[in-house]
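K.L.:
According to the working numbering, the sequence shown is numbered sequentially starting from 1.
Careful: at least some of the hints might be erroneous.
[Stated by the list, open to error] Below, a list of computed lysine-lysine pairs in the DSS-like style, where the Cα atoms sit at most 27 Å apart:
#1 K103 / K92
#2 K76 / K92
#3 K15 / K101
#4 K15 / K103
#5 K26 / K92
#6 K15 / K26
#7 K103 / K26
#8 K103 / K13
#9 K22 / K101
#10 K103 / K21
#11 K26 / K101
#12 K26 / K13
#13 K22 / K103
#14 K19 / K103
#15 K101 / K13
[Stated by the list, open to error] Label-pair restraints from in silico Cβ distances:
#16 L43 / R64: 13 to 23 Å
#17 E77 / E100: 26 to 36 Å
#18 Q81 / Q17: 49 to 59 Å
#19 D46 / K19: 33 to 43 Å
#20 E83 / Q17: 46 to 56 Å
Calculated from the structure, these hints are not laboratory results. Glycine included, each C-beta is placed from N, C-alpha and C at the ideal position.
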Amino acid sequence: TGGCVALYDAIQKLKNQGKIKKEAFKQLVASVSVGIHQGERILDLDYAEDSTAETDMNVVMTERGGFIEIQGTAEKETFQQHELDDLLILAKEGIQQLIEKQKAALG
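Put together the whole structure using the sequences plus the hints.
P.N.:
Here it is as structure tokens:
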């Protein structure tokens, strides 16, 4: 998430110096972890939650809502389709918040 902001800044600097002619930056990207811990859906699991989660997942998305990566694991028990859907919705909401923060940081 922060790396995306740094990349954008670097590309803009090169563009302003005339070293890049074409638009090289397509869209912002952010990622979050989500999971199920003690039956609760959690956004941005900390280490203690992640290490004991029933299910954990990493999700990477673009600012336009496209998925780049979805990686999830059932650690202790299998999870159901509705739980996957809930986690993806939670991840999308978290990523949208991060992208708004990226935009604010970039001015």
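K.L.:
With reference to the structure, classify each hint as holding or not holding.
P.N.:
Checked hints:
no.: 1; hint: K103 / K92; result: 16 Å, holds
no.: 2; hint: K76 / K92; result: 24 Å, holds
no.: 3; hint: K15 / K101; result: 23 Å, holds
no.: 4; hint: K15 / K103; result: 19 Å, holds
no.: 5; hint: K26 / K92; result: 19 Å, holds
no.: 6; hint: K15 / K26; result: 14 Å, holds
no.: 7; hint: K103 / K26; result: 14 Å, holds
no.: 8; hint: K103 / K13; result: 17 Å, holds
no.: 9; hint: K22 / K101; result: 26 Å, holds
no.: 10; hint: K103 / K21; result: 23 Å, holds
no.: 11; hint: K26 / K101; result: 18 Å, holds
no.: 12; hint: K26 / K13; result: 16 Å, holds
no.: 13; hint: K22 / K103; result: 21 Å, holds
no.: 14; hint: K19 / K103; result: 24 Å, holds
no.: 15; hint: K101 / K13; result: 21 Å, holds
no.: 16; hint: L43 / R64: 13 to 23 Å; result: 21 Å, holds
no.: 17; hint: E77 / E100: 26 to 36 Å; result: 34 Å, holds
no.: 18; hint: Q81 / Q17: 49 to 59 Å; result: 50 Å, holds
no.: 19; hint: D46 / K19: 33 to 43 Å; result: 41 Å, holds
no.: 20; hint: E83 / Q17: 46 to 56 Å; result: 49 Å, holds
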